[in-house]
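Construct all of the structure, not just a fragment, from the sequences and the given hints.
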Amino acid sequence: MTIKTLATTAAVLLAATSVSADVDLSGETVEWVIPFSETGGSAKWANFFAPLLSEQLPGNPTVVVKFMPGAGSTKGANWFQEQEHDEGTLLFGTSGSTQFPFLLGDPRVRYEYSDWVPVMASGTGGVAYLNPEDGAKFDGSANNLQDVDFIYGSQGATRLDLVPLLAWEMLGMNVEPVFGIKGRGDGRLMFERGEANIDYQTSSAYLGASADLVADGRAVAMMTWGALDEDGNIVRDPTFPDIPTFKEVCEATEGCETSGEAWDAWKAFFIAGFPVQKIAFLPAGTPDDVRDAYVAAFEAVRSADGFAERAAQQVGKYPVFVGPGAARATVAGTTVSDEAKAFVTNWLQEAYGVSLK
Amino acid sequence: MDVLATALPALGDAWALILQPVVLGYLILGVVMGLAVGVFPGLGGIAGLSLLLPFMFGMEPVLGLALMIGMVAVVPTSDTFASVLMGIPGSSASQATVLDGFPLAKKGQAARALSAAFTSSLFGGLMGALFLTVFILVARPLVLAFGLPEMLMITVLGLSMVAVLAGRVALKGLAAAGLGLLIGTIGEADAGGSLRMASYDIPYLTDGLKLVIVGLGIFAVPEIVSLLRQDRSIAKDAKLGAGWSEGVRDWFANKWLSLRCSLIGVVVGVIPGLGGSVVDWIAYGHAVQTTRDKSNFGKGEIRGVIGPESSNNAKEGGGLVPTLLFGIPGSGSMAIFIGAIALLGSGDIEVGPAMLRDNLDITYSIVWLLALANVVGTLLCIAASGGIAKLTTIRFTYLAPFLFMLISFAAFQSGQNFEDILALFVIGLIGIFLRRFDWSRPAFLIGFVLSNPVEKFSNQAFQIASFRFRKSFEEGMDYLFSPIVIVLIIVTVVSVVLGIRQAKTIMAEGDVQSGSKRAPMIFLLVIIAYIVAALINASMIPDYNLTDKIVPLVVGGISLACCLIMLVQMMVRPETDVIFADKEIFGEDADAPYGLWSTLGWFAALIVGTWFVGFILALIGFMISFLRVRAGASWSKTLILTACGVALMCVMAGALNRDFPPGLLQGAVDLPWPLN
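From first to last, the protein sequence lines are chains R and U.
Per the working numbering, the first sequence starts with residue 1, numbered consecutively.
Per the working numbering, the second sequence starts with residue 1, numbered consecutively.
In case anyone wonders, no lab produced these hints; they're calculated from the structure.
There's no promise every hint is true.
As the list claims (entries may be wrong) - To be clear about the criterion: a stretch of chain R counts as covered by chain U if any three or more of its residues have a C-beta under 8 Å from a C-beta of chain U, and this derived list gives those stretches:
(1) 114-124
(2) 169-181
(3) 208-221
Everything numeric in this text was worked out from a predicted model, so none of it was measured.
In this text, a Cβ means the ideal position worked out from N, Cα and C, and glycines have one as well.
What follows is the structure in structure tokens.
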């Protein structure tokens, strides 16, 4: 980041949002609270952005990441709901696992996304893959995979795994989830041991480990969940342009429809879980000048030299939304239609006996 | 030979990277920081690494690695201080060390126990590194050979150590382990999300109880309260018997035990998903089984220290294998480590399968930095052990308020809830009664620690096995009874048979006399009541979530059966029978000048005070009144000690950026740090 680009960006943003010069965080400590443990993807995400944010915020405050795990992030989100604005020294990060219980009406959820002030959002993608034996039967459609018994190591049907499980079901595949694993890495290990024969990873994890399996012929890439274009259509994931999307596979498979209530429900939850996966919020009641200072800082982070390359390695090659973009993304990620919600609730009950009462 | 051809140059490169003065400087800096953090129970590698993370961004890779590895490597070494000196298990890696280490300290041989432990740690760490250098190249197939049935069997092997540690009445030990398992199932089930003995109205319980809290409650609280009641120093007669050189000689005399236990540590550490929780128990069990005269175990047997300590540092090395090869962290601190490596340099070192191919030199640097950090850390610890052992000669009444302060703070760090401290008190109460009535506390803790793995692995292995059986009978049998599983079953059976035979001679609580029938019977009835409640609660989980209820039902049923048999025995046997063991009848506790409840009342007062005015204000009030009233200290001494305690808390929390528990006062008024 040269001083010139920083100055230009700041100037543009000053003009655009008329930041008041009062916001000065020098000497302060900004706490970025992550409602997960130190070990997860959200921790990696926040730890990646924290030092960059510190450089760009007015007064260069120390940005520390704090962890408040519990109840799959519900505890931390409920806590954040109670927090009030205090000089802009509190930031909160959510992920798909915070969004899904909110969308599904989990009884523990006491938080309301629309109360919070989004300043930055970023997304990811996901890739599903098969073992070589069954992968040989995959021809761009799931037509030859109907009679195979698939086993999948899952973190729970109400979590992000909802998206792959529903997708495979729509393809008519018989996938039995083995619940209770703690992270997707454990799922991949189960796959490598041959205990599971189907798996999926989010983009960064896929690039880090599973891509090698595919290259060595020990796994066959099946499909990505895709990415959203400007108009909200599902297109090929820019990180994996050679792998077909679920939409393409579905179109090629007999009995799988890319319209109707199942498709709408899947798409709604895909949007909530992947393209808008992680969002940084300021607490309810944050004044506009503080919000604008954060938006400007994240804008400067995102447009810095070399940011794209580092981000691609750390958090994946996906857009980072700030300001109004983040607000739009938040709305997209935290609203699903009542029909989609009803469909998924009913499906969870029927397929897995999960009741969200 | 192919392997060797790539490994040797990489090994050379690694040494060239490590042996630069600046790298060694960073390593020592990391080691010193790790020691400072690790000495405090409850704060381990996670707290320390989180502190370092902000500096890792863009740092020269080898320097960053030196700093981080220095910090991570010494935590299982330095937490030995708390285990040996105070009877506080500093982390899951040093639970078994408490069993014999603390009795040694009570005999005035703290320095001997510490230096034997450190020497074993050093040896274990070096063995681990040596083994890894060769092993890491061929480890992949072995790691993949450990599927769910194999992991389940290792967990069962860990559980079988209960047989050795069950105490004089085998049924009691079994029931204690069962109770530990049941308490471990509290909260939301991993598989189906059903609640066990919890409610959404008390969100704290839905996450289950943390190991730190249960470890502190079961081991530390009862010992602190007991010593405080007796109003003496930890070392009887306030004398230090043996010096640190004796500990080193002890290690040398038991070097083969140390070697075997380090190998156990590396091999079990390599298996992802098991972590450190079973390693030290398996090593302890091995030490017991290979010792001819078993009568000293639990009373201060040096082999009981050397075994687990040799294994726990070796385990750190083993734990690197899944971390580096598969990108799967074996522990919380390894997870942060993985994240931090990605921040180093230009960010192109990615932990995972590509690590060996692309960054073999970095891999070897990590392995040998770990070994070097062990050497540096051990030397520092041994040098310090003689001085720190003097703590055991101080009148305990002066130590107690600091310990109450430390364990409350440590408990709070595990979940940042006020309920953490409350849970510590309740578990502490259970620990006090387990100790009083001679129910095996190690058995309880083993049950608790292994509760989650037992449930997870048995459910998942069962599910996958049933798919295999559906395909064909042979395929199912092949899956369940692999050669590794069969070997493990044999080892387990042998260790249970041997263990039961030996259990009677190993009295972890000393020779506890029996006397009246009433108190032990009431305690048994309370436990039966809890087990029945847990059983009813589990049976109410709907059947489609069978995976969530099967383990509580089976374990609860077995424990209940044990308890009912004991109840019958209690009715028919005379009150001098060993089943009525009660520490309040005869011995140190019975003769103590202070009562249990008045002593416990002080701890309760600190908690109640925290609820109202927050931790720091409550601590000031607690320290002043405790030192004045209970210890009878002069005003000047009281104030100086209080200031030291509060300052220690503030420096530690400030440096690690940790919060204190707030109270009602803080909810009403805004106060500056550290009062908030």
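Against the structure, the hints:
1. Remark: the stretch 114-124 of chain R is not confirmed as covered by chain U, as 0 of its residues place a Cβ nearer than 8 Å to a Cβ of that chain, below the required three.
2. Using a Cβ-Cβ cut-off of 8 Å, 5 residues of the stretch 169-181 of chain R lie near chain U, which meets the minimum of three, so the contact claim holds.
3. Chain U is given as covering the stretch 208-221 of chain R, and this holds because 4 residues of the stretch bring a CB closer than 8 Å to a CB of that chain, at least three being needed.
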